[in-house]
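Peer 1: Here's the letter readout for the chains.
Protein chains: 4
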Amino acid sequence: MPKNVMQEDAEKIMAVAEREALRLGKGLSIAVVDSGGFIVSIRRFDGARPMTPMIALSKAYTSAVMQRPSAMLKPWSNSDPAFFSQVSTMGHFPIVATGGGVTLKRDGEFIGGVGVSGGTPQEDEALAQALLTELGYDTDFAEWAGAKGAADGKH
Amino acid sequence: MPKNVMQEDAEKIMAVAEREALRLGKGLSIAVVDSGGFIVSIRRFDGARPMTPMIALSKAYTSAVMQRPSAMLKPWSNSDPAFFSQVSTMGHFPIVATGGGVTLKRDGEFIGGVGVSGGTPQEDEALAQALLTELGYDTDFAEWAGAKGAADGKH
Amino acid sequence: MPKNVMQEDAEKIMAVAEREALRLGKGLSIAVVDSGGFIVSIRRFDGARPMTPMIALSKAYTSAVMQRPSAMLKPWSNSDPAFFSQVSTMGHFPIVATGGGVTLKRDGEFIGGVGVSGGTPQEDEALAQALLTELGYDTDFAEWAGAKGAADGKH
Amino acid sequence: MPKNVMQEDAEKIMAVAEREALRLGKGLSIAVVDSGGFIVSIRRFDGARPMTPMIALSKAYTSAVMQRPSAMLKPWSNSDPAFFSQVSTMGHFPIVATGGGVTLKRDGEFIGGVGVSGGTPQEDEALAQALLTELGYDTDFAEWAGAKGAADGKH
Chain A
0 MPKNVMQEDA EKIMAVAERE ALRLGKGLSI AVVDSGGFIV SIRRFDGARP MTPMIALSKA
60 YTSAVMQRPS AMLKPWSNSD PAFFSQVSTM GHFPIVATGG GVTLKRDGEF IGGVGVSGGT
120 PQEDEALAQA LLTELGYDTD FAEWAGAKGA ADGKH
Chain B
0 MPKNVMQEDA EKIMAVAERE ALRLGKGLSI AVVDSGGFIV SIRRFDGARP MTPMIALSKA
60 YTSAVMQRPS AMLKPWSNSD PAFFSQVSTM GHFPIVATGG GVTLKRDGEF IGGVGVSGGT
120 PQEDEALAQA LLTELGYDTD FAEWAGAKGA ADGKH
Chain C
0 MPKNVMQEDA EKIMAVAERE ALRLGKGLSI AVVDSGGFIV SIRRFDGARP MTPMIALSKA
60 YTSAVMQRPS AMLKPWSNSD PAFFSQVSTM GHFPIVATGG GVTLKRDGEF IGGVGVSGGT
120 PQEDEALAQA LLTELGYDTD FAEWAGAKGA ADGKH
Chain D
0 MPKNVMQEDA EKIMAVAERE ALRLGKGLSI AVVDSGGFIV SIRRFDGARP MTPMIALSKA
60 YTSAVMQRPS AMLKPWSNSD PAFFSQVSTM GHFPIVATGG GVTLKRDGEF IGGVGVSGGT
120 PQEDEALAQA LLTELGYDTD FAEWAGAKGA ADGKH
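Residue numbers (numbering that gives the first Met the number 0), protein chains in the order written: chain A, 0 to 154; chain B, 0 to 154; chain C, 0 to 154; chain D, 0 to 154.
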């Protein structure tokens with residue numbers, strides 16, 4: 000069982016993403032990072048705007064190191080925006096509370112993250128979620144990282 | 000067809016801008032950048048305040064690398080302000096969601112950006128738009144980027 | 000003639016790089032950026048260390064925006080290290096004076112940059128140079144930039 | 000007597016600089032700032048590399064706010080490099096100890112700075128000095144800013 004996403008996994012993600020980008024007719028960028036948030040693969044498909052790879056990277060990074068999809072950080076960002084804005088700069092790349100980023104988890108193990116940028120917010124999020132489903136990644140994530148530990152009696 | 004805005008293009012922009020600054024009786028600053036957001040020309044016309052060249056530069060940079068006029072980013076900034084404020088620092092210069100910046104596009108190709116600062120928001124925006132029209136640049140911009148491969152009928 | 004390196008170009012670069020990484024038995028990362036230094040493609044091939052994609056990116060960025068291979072900056076860095084260290088932070092990504100980065104130029108036009116990281120300094124540099132040769136990019140670069148107006152016989 | 004360099008002054012500087020750039024056959028960037036180091040005019044002449052406007056700006060800024068040509072900071076940078084590297088980030092733009100920047104002083108009054116980038120170090124410095132001479136600016140500067148105050152018995 001891989002501990003981290005590998006090039007073979009990233010290439011499968013890129014193939015699905017490119018197919019969907021062409022189907023949507025949108026210039027998209029996709030970033031894949033490992034469980035530590037380090038870059039595995041980034042592609043800016045033709046037509047995608049110059050900043051979209053960095054935006055996709057921030058979504059992938061967030062989803063990997065926060066161990067839940069980036070959209071799940073919105074309640075936290077909304078309920079404590081000052082603190083969240085400080086946390087958002089504590090990592091190697093920006094930690095963002097927005098759609099379009101999903102955590103790569105397989106057999107319960109965190110192996111990386113994927114970020115999508117370049118479509119509407121709804122398209123970015125739908126594609127990110129579709130990548131998980133089509134490629135057989137886990138899709139269950141705890142609302143707060145602490146919740147599982149608390150339930151398990153550990154932290 | 001120029002790949003990027005050149006000094007000759009920038010000088011034409013500056014000539015129109017200076018004429019309009021005198022007509023309005025306002026101290027304006029103008030920035031012109033290439034398609035990668037790098038400075039081509041900046042002028043702070045007499046009477047313009049010290050920070051206006053940097054403000055104009057941020058508008059020009061935004062319009063070049065986001066490939067649409069800076070005012071078109073307002074809906075994004077309004078709908079997801081926390082995320083937009085993070086994206087705003089991901090480039091070489093600040094990415095700003097405000098009027099007064101326009102993308103330089105000719106024959107469908109992105110060749111740079113222009114920013115205007117020093118007038119009222121309405122004056123900055125009107126001058127930026129007038130520059131495009133008077134000098135024959137394209138004025139149609141899409142909210143979302145399109146896939147080039149799809150448009151070309153290949154892939 | 001492409002204005003900037005496209006996905007098709009980047010994929011050709013990645014194919015050669017992956018073949019060489021396997022031949023060398025080294026974990027390499029490769030970054031491809033456009034003429035403005037924006038990411039087009041980054042791949043960390045299996046076995047490459049976590050920081051290598053960012054190192055490759057800095058080499059690609061440098062070679063694109065400085066418009067000559069990153070190793071050609073060494074004399075500058077050696078002769079005026081304090082000044083060079085300041086210039087190195089003036090861009091969007093670090094500007095580095097080291098081997099392993101080459102400028103993508105075709106028919107005399109700058110279209111991007113490539114960076115290689117993960118091998119020995121000699122291997123990184125040799126692979127970067129081999130990419131240019133095998134894929135038919137220009138290999139002549141001037142230490143100092145020439146005035147375009149003068150070359151065109153106008154002004 | 001002007002307190003600060005104006006557009007008319009900047010245009011004279013740009014005209015001489017452009018003439019010399021074409022004579023040298025080099026792609027040069029020129030920056031002119033006022034006595035507070037704020038941008039008055041920046042031009043990247045055709046052929047100059049993308050980063051040269053920012054490098055020229057750092058030289059102009061340094062010469063304006065340090066009130067002596069940027070090359071005159073070299074002894075300080077050499078004798079106390081750790082402290083100088085800290086000072087170099089204390090301003091709005093980098094303070095650099097290198098050639099190619101000169102202070103604009105007229106009738107003993109500091110009115111701005113000029114920076115040149117894109118040629119050899121010798122060419123940048125020679126052009127910056129030639130601008131002062133040809134356009135009638137003062138060319139005498141005290142080695143250390145404190146020297147005049149000390150001589151006057153004030154500080």
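Simulated from the structure, these hints should not be mistaken for laboratory data. Here the structure is a predicted model, which is why all the values come from computation and not from measurement. A few of these clues could be false.
[What the hints assert, rightly or not] Calculated lysine-lysine pairs in the BS3-like style (CA-CA distance at most 27 Å, straight line):
id, chain 1, residue 1, chain 2, residue 2
1, A, K11, C, K11
2, C, K25, B, K2
3, B, K25, B, K2
4, C, K147, C, K25
5, D, K73, B, K11
[To be verified] For the chain A half of the interface with chain C, some residues (derived, Cβ under 7 Å), not all of them:
id, residue
6, K2
7, R18
8, L21
9, L23
10, G24
11, I38
12, D45
13, L134
14, G135
15, T138
16, F140
We treat Cβ as the ideally placed atom computed from N, Cα and C, and that holds for glycine.
Peer 1: Each hint: holds or not?
Peer 2: Cross-check of the supplied hints:
Between the alpha carbons of K11/A and K11/C the distance comes to roughly 18 Å, so the proposed pair stays at or under 27 Å and holds. Distance hint between K25/C and K2/B is unfulfilled; the C-alpha atoms sit about 38 Å from each other, more than 27 Å. Pair hint K25/B plus K2/B does not hold up; C-alpha atoms about 33 Å apart against a cutoff of 27 Å. With a C-alpha separation of about 42 Å, the suggested pairing of K147/C with K25/C is violated against the 27 Å cut-off.
Among the hinted pairs, K73/D with K11/B is inconsistent with the structure: their alpha-carbon atoms are about 40 Å apart, more than 27 Å. Violation of the interface hint for K2/A is found here, the shortest Cβ-Cβ separation to chain C being roughly 12 Å, above the 7 Å cut-off. Taking 7 Å as the C-beta contact cut-off toward chain C, the hint placing R18/A at the interface is violated, the least distance being around 14 Å. With a cut of 7 Å, the hint placing L21/A at the interface with chain C is violated, because the nearest CB-to-CB distance is about 11 Å.
Violation of the interface hint for L23/A is found here, the shortest Cβ-Cβ separation to chain C being roughly 16 Å, above the 7 Å cut-off. At a threshold of 7 Å, the smallest CB-CB gap from G24/A to chain C is about 16 Å, leaving the interface hint violated. About 4 Å separates the beta-carbon of I38/A from the nearest beta-carbon of chain C, less than 7 Å, and the hint is met. Checking D45/A against chain C by beta carbon gives a least distance of about 5 Å; that is within 7 Å, so the hint holds.
A least Cβ separation of about 18 Å between L134/A and chain C goes past the 7 Å threshold, and the interface hint is therefore violated. Taking 7 Å as the C-beta contact cut-off toward chain C, the hint placing G135/A at the interface is violated, the least distance being around 20 Å. The closest approach between the C-beta of T138/A and any C-beta of chain C is roughly 26 Å, which is over the 7 Å cut-off, so the hint fails. For F140/A, the shortest C-beta to C-beta distance to chain C is roughly 24 Å, which exceeds 7 Å, and the interface hint is violated.
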